[in-house]
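Taken in order, these protein sequences are the chains called A and B.
Residues in the first sequence are numbered consecutively from 259, following this note's numbering.
Residues in the second sequence are numbered consecutively from 768, following this note's numbering.
I should point out that these hints are in silico values taken from the structure, not numbers from a laboratory.
Careful: at least some of the hints might be erroneous.
[Said to hold, decoys possible] Partner residues aside, some chain B positions facing chain A, computed with beta carbon under 8 Å:
#, residue
1, K792
2, H1348
3, Q1350
4, Q1428
Bear in mind that the values here come from a model prediction, so they are computed numbers and not experimental data.
Glycine is no exception: its CB is placed at the ideal position from the N, C-alpha and C atoms.
Each chain, written out:
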Amino acid sequence: MTVTFQLNGEDCRFHGDPMTPLVDILRQERFLTGTKAVCREGFCGACTVHVDDEAVPSCLKPIALVQGCAVTTIEGLSSGNHPLHPLQAAFEAADAVQCGMCFPGMVMSLSAFVRDNPHASRPEIKAAMVGNICRCTGYERIVDTVADCLDQARKAGQLVGGVHV
Amino acid sequence: MSELSATVMNLPRRDAQDKLRGRTKYTNDRIRPDMLHAVLLRSTVPAGRIRKLDVSAALRCPGVRAVATGADAPGLYGIGIADHPLLAIDTIRYHGEPIAVIAAETEKQARAALAAIVLEVEPLAPVFTMAEALQPAARLVHEGWRGYEVITEGGARAGNIAWEAKSSRGDVDAAFARPDIRIVESSFTVGRQSHVPFEPRVAIGSWEDGRAHIQTSTQVPWTVRNVTGRVMQLPPGRVRVTVPPVGGGFGLKFDASIEPITALLARMTGRTVVLENTRQEEMATCLCRENAEIRIRSAVTPEGYIAGREAVVLMDCGAYGGEQVFLTTMTAHTLGGNYKVGAMRLVSRAVYTNTPPNGAFRACNGVYNTFALERHTDEICDALGFDPMEFRKQNVLGDGDLGATGQVFEADVLGPMLDRMEALRASTGTSEAKADGRLYGIATTVGTWFVFVGPSAATVNLNADGSATLVTSGVEIGSGTMVQSLPQIVAGQLGLAPDQVIVREADTDAAGLDVGVGGGRTTVSIGAASIAACAEVREKLLRTAGEMLQTRPEDLVLRDGRVEITGRPGSGMSIPAVVAHAQATTGPITGSGAFTARNTPAMSGCAMGHFIDALDIPVFVVHEAEVAVDPDTGHVEVLAYRVVQDVGRALNPRAILGQIQGGVVQGLGYALHEEVTLTVDGRIAQDDFETYRLPLAQDVIPVAADLYEGAPSMGPLGTKGAGEVPILAVGAAIGCAVARAIGKPVQQLPLTPPRVLRLLHEREPPPEFPHIAPGWAANTLG
Ligand code: FES
Ligand code: FES
């Protein structure tokens, strides 16, 4: 079966088993290894990408279901030398990263969340992270950073990250 | 060292941006289409004898390029004793044990060919528990144990006892016979903990110019090198190991496991071969924190003096000795730590069973021995009517007090740390109000751990642009030592900015021996070797500059990338000018440095079978937890958590606080819900994220932490490792707090809601150890 979709803004065509998980195509055929396949069962969130602007675990997404969709991976969120997404910049500034394996998925999940929930409280941020596991950091610094980002954006009257793909 | 003032604190991580952009290439991101994929045939029985193993049909399957079995790698490896084959030879000892491996063009082809391997196994009666293994008539997990090569001398061994370490100081019998004492006895049992690093164990092997090159996700490149040489029966120098950034280790990657297989297949095929555990394999064969059984007895006077103590600790090493053999050492320093004790004797035994081998996990046996010791301490207080905080203040180790092996501890550290905890609590307030009708408990506990010193080497090359390249075998596993503390230390020594220090990733061909990243040792051991290397660089730099400036080297200082005359900022010349001159006259400026343990003395005759007789750098913690227990559901909510941690000197307080938060949360998982059980056929039942319950964001709370500086340390600039120890006393603090909340003894972890309910309703049977004899000596090999 042939599937066509947009990948980080470019046309992309796949021939093969329509049940192939999206994460395998990203990593093995496109070498977009920022998307991590950690649990492959939808629990950890390390494989999160945006499909038509919605954060989804790419391990649970058969390729056939992205026919005609726009897929954005961590590499597409801020590509080349372009500035980091404000959440990425904030995580860097806060020294939140440890082994780093969970962060691409964390950024993809939370960037969609803050865009849609500019008034989220700390408990709401934590609730939104139910699908993103981190084995290293103990979470709190990540939550603080997201809360600070929202706070600053509210004060400046903006959305975190503005409108993005 | 006076360079502390020149050392930049709170250096941000240089690897953060690439990690956040998804650009960092961990080992498992380096798989290319031209590599062969290896998959393992693993045992589906816990014990058996291989009657037939025929791989010829598999070799003829599409895409298959090589098949290897134990016969291709006959050498045995291990820590202390060489008991472990790379692939099972004749005997199967655990469910999941690798028996054969297939390399094929694709993973799919390799998996398909597994079915073509003919394997006939005669099942043997498995030995699943330490109680079974210690029966006099128990089947031996290793029939040929006597014939194994002993790598480290000194431990007693016999049958299913892989290793026994003892410590004995003073007249314990006399202490227990005193007429004025009360005897308190407690028993504890704990399960395994799975590390769940986000990157599983994975290796990429190639064969280049007659040598193996393994790229792997490991904490111990030199161990991988040496084990690969051993099993392939090659001089270890024919193996090169390089280490990309590691996606989490926590001790799991402190031993070699699958890496040598890739070298073997690369030699057979001439191709680059990748082997990556699936998540299911990773968890089913995780070298977990071991399950353990602990019995501890103390003789205490009415004044609260601990006159005598004895303990037996059984540690399940699973099918092979591995790290548990070494870790028997730690009982002397954990159960024998924390408190002043008149006389004590402790024995720690690593016991073979037909279960997946266990290994090292952050603060290893310290986590459960601290739980046991602190709960026992509370049971002493209950039995004799002491206030638990006052009892601890009275009895914690102070300056000049003796440990179990007769080591003399320096300085009062735990006492002042307890005071600091009270001050921290006063500043944060308590959270009892949040219990809101549930059962409330608060507990303050102490813990003793160590920095695992040992050999490290470093080379510093000073470059013509004024930068310095640091070459070591250190690995960045996420804790930040390679990207924060080492550049901070080197920059401070050479008067550079930290971004002028290039840190080479581990390569056993480029850097000298190192025992690996673990035990909180990188900052200390590699840091100390780096300082020694910098001393040589400074000496050469100042000598050359002295000639150029016609000034004595002792009148020169390194500052802001310049060699200056002392007291005259801006004088002298830039480092690049001095380096250029040196390169043209005496040659490039380099320095090398080395470090190893100081071997702090123990008392003679006190330590038997120990890898470490005394702690060169003890590390202390004080942890306090407040919990609310729901009496209807058994759910434990952690309301507040506070830590006072002995850090020696904090070079990067922000990074240490990040380690404390992460380590405490891993400990909360261990204390409350991370549970590993074995199925009836000896498999680890929790082999995915659905069945193994990791802490989530909503389970955790911010940890309030106070870094205690100034305790003595032989570490560079007075540092101690800070990343290992935050997990040490979490099981203890939670266990003690829950026991107080529910008013019942807690003798087991994790405290899952069903277990807490059973405890509340007195339906949880207390641990019984018929295989631990009442008399202490009967539990030893004499
Ligand atoms: S890999 Fe997709 S959620 Fe874990
Ligand atoms: S930083 Fe390691 S898993 Fe999150």
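Each hint, compared with the structure:
| no. | hint | result |
| --- | --- | --- |
| 1 | K792 | holds (7 Å) |
| 2 | H1348 | violated (37 Å) |
| 3 | Q1350 | violated (34 Å) |
| 4 | Q1428 | holds (4 Å) |
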